[in-house]
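Given chain A's structure and the hints, the job is docking chain B onto it.
Note that the protein sequences, when read in sequence, are chains A and B.
Going by this note's numbering, the first residue of the first sequence is number 1, and it counts up by one from there.
Going by this note's numbering, the first residue of the second sequence is number 1001, and it counts up by one from there.
Calculated from the structure, these hints are not laboratory results.
Treat the hints with caution; some may be incorrect.
Claimed, not checked - The calculated lysine-lysine pairs, modelled on DSS-like cross-linking and capped at a C-alpha distance of 27 Å, are:
id, chain 1, residue 1, chain 2, residue 2
1, A, K112, A, K68
2, A, K68, A, K108
3, A, K42, B, K1057
4, B, K1083, A, K42
5, B, K1071, A, K42
6, B, K1014, A, K108
7, A, K42, B, K1070
8, B, K1014, A, K1
9, B, K1057, B, K1009
10, B, K1009, A, K42
11, A, K42, A, K112
12, A, K42, B, K1014
To be verified - Some chain A residues flagged as far from chain B (calculated, every beta-carbon gap over 12 Å):
id, residue
13, Q6
14, V13
15, R55
16, L62
17, G71
18, R72
19, T87
A virtual CB, placed ideally from N, CA and C, is assigned to each residue, including glycine.
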Amino acid sequence: KQEVTQIPAALSVPEGENLVLNCSFTDSAIYNLQWFRQDPGKGLTSLLLIQSSQREQTSGRLNASLDKSSGRSTLYIAASQPGDSATYLCAVWGFDSNYQLIWGAGTKLIIKP
Amino acid sequence: DGGITQSPKYLFRKEGQNVTLSCEQNLNHDAMYWYRQDPGQGLRLIYYSQIVNDFQKGDIAEGYSVSREKKESFPLTVTSAQKNPTAFYLCASKGQGGRNTEAFFGQGTRLTVV
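Just chain A, same shape as in the assembly (with noise of 0.2 Å):
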C-alpha cells in the first residue's frame, strides 16, 4: 500500500533562504506526482504537478523533481519570501490507488520576515 510521508513537519526560515521541501513515497508505481499549497482556512492551491515521465517542472521561484526509482520528490523554493508562508502538500497518483491521490501530512512553513 502506498505511503507518502513528508519531512520536516514544520520549518520555520529568515526571508530570502532557498529552501527544500521532501517527499518520499513507497511504490514507485506511479501516474504523477503533485504539489499544493495550503493557507489558513483555505482550499489547497496546485503549485507544480509532475508526470512519472519527467525529473522536474518549474514555475516561477519554484521547482520540483521527482525520482521515482529512490521515491523522492522534493520542492524547492527560491529566494523566499514571508508571503511563502503556509502547509506544502504532495499527493501521488499510483496504478494501484484505484483513482485515490495519496497525501503526505504536509510541512507547514515559516518564513520570518
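Then chain B, alone, in the frame of chain A:
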C-alpha cells in the same frame, strides 16, 4: 473562469440535522472527491466518484452520503449518524484523460455543530 465552487463557506448544524454541502465544477472533469480536514491533520477521503451515477466510499464514509447525478455536481450530505461532523470539508476534481492531469480544489466549507 474554470474552477470548483463550494458553498456555503460556513455552515452551522444543529444536533440531529442533516446538512448538504455543495460542490460544482466547470472543468469538465470526470473524477470528483470529498475530503475532511481536522485541525492540524491531513486530508482524509470521504467519498469519490469517477463518473456520473457512480461513487465509491473512501476511508471515512460512515455518516456521509453523496450523489453524482450530473458531471458538474457532487453534493455531500452530512447525516445525523456522523457523530463528530465539525471539520473543514474540501471538494476536488481531477481529469482522467491520459492519467496525467492535475487535481483542483474548491475553497472549502467549514461545518460547525452548534
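Cross-check of the supplied hints:
no.: 1; hint: A:K112 <-> A:K68; result: violated, 33 Å
no.: 2; hint: A:K68 <-> A:K108; result: holds, 24 Å
no.: 3; hint: A:K42 <-> B:K1057; result: holds, 25 Å
no.: 4; hint: B:K1083 <-> A:K42; result: holds, 24 Å
no.: 5; hint: B:K1071 <-> A:K42; result: holds, 24 Å
no.: 6; hint: B:K1014 <-> A:K108; result: violated, 33 Å
no.: 7; hint: A:K42 <-> B:K1070; result: holds, 26 Å
no.: 8; hint: B:K1014 <-> A:K1; result: violated, 38 Å
no.: 9; hint: B:K1057 <-> B:K1009; result: holds, 24 Å
no.: 10; hint: B:K1009 <-> A:K42; result: holds, 10 Å
no.: 11; hint: A:K42 <-> A:K112; result: holds, 21 Å
no.: 12; hint: A:K42 <-> B:K1014; result: holds, 24 Å
no.: 13; hint: Q6; result: violated, 9 Å
no.: 14; hint: V13; result: holds, 21 Å
no.: 15; hint: R55; result: holds, 15 Å
no.: 16; hint: L62; result: holds, 15 Å
no.: 17; hint: G71; result: holds, 19 Å
no.: 18; hint: R72; result: holds, 19 Å
no.: 19; hint: T87; result: violated, 10 Å
In the structure shown, a violation is registered for the earlier hints numbered 1, 6, 8, 13 and 19, in ascending order.
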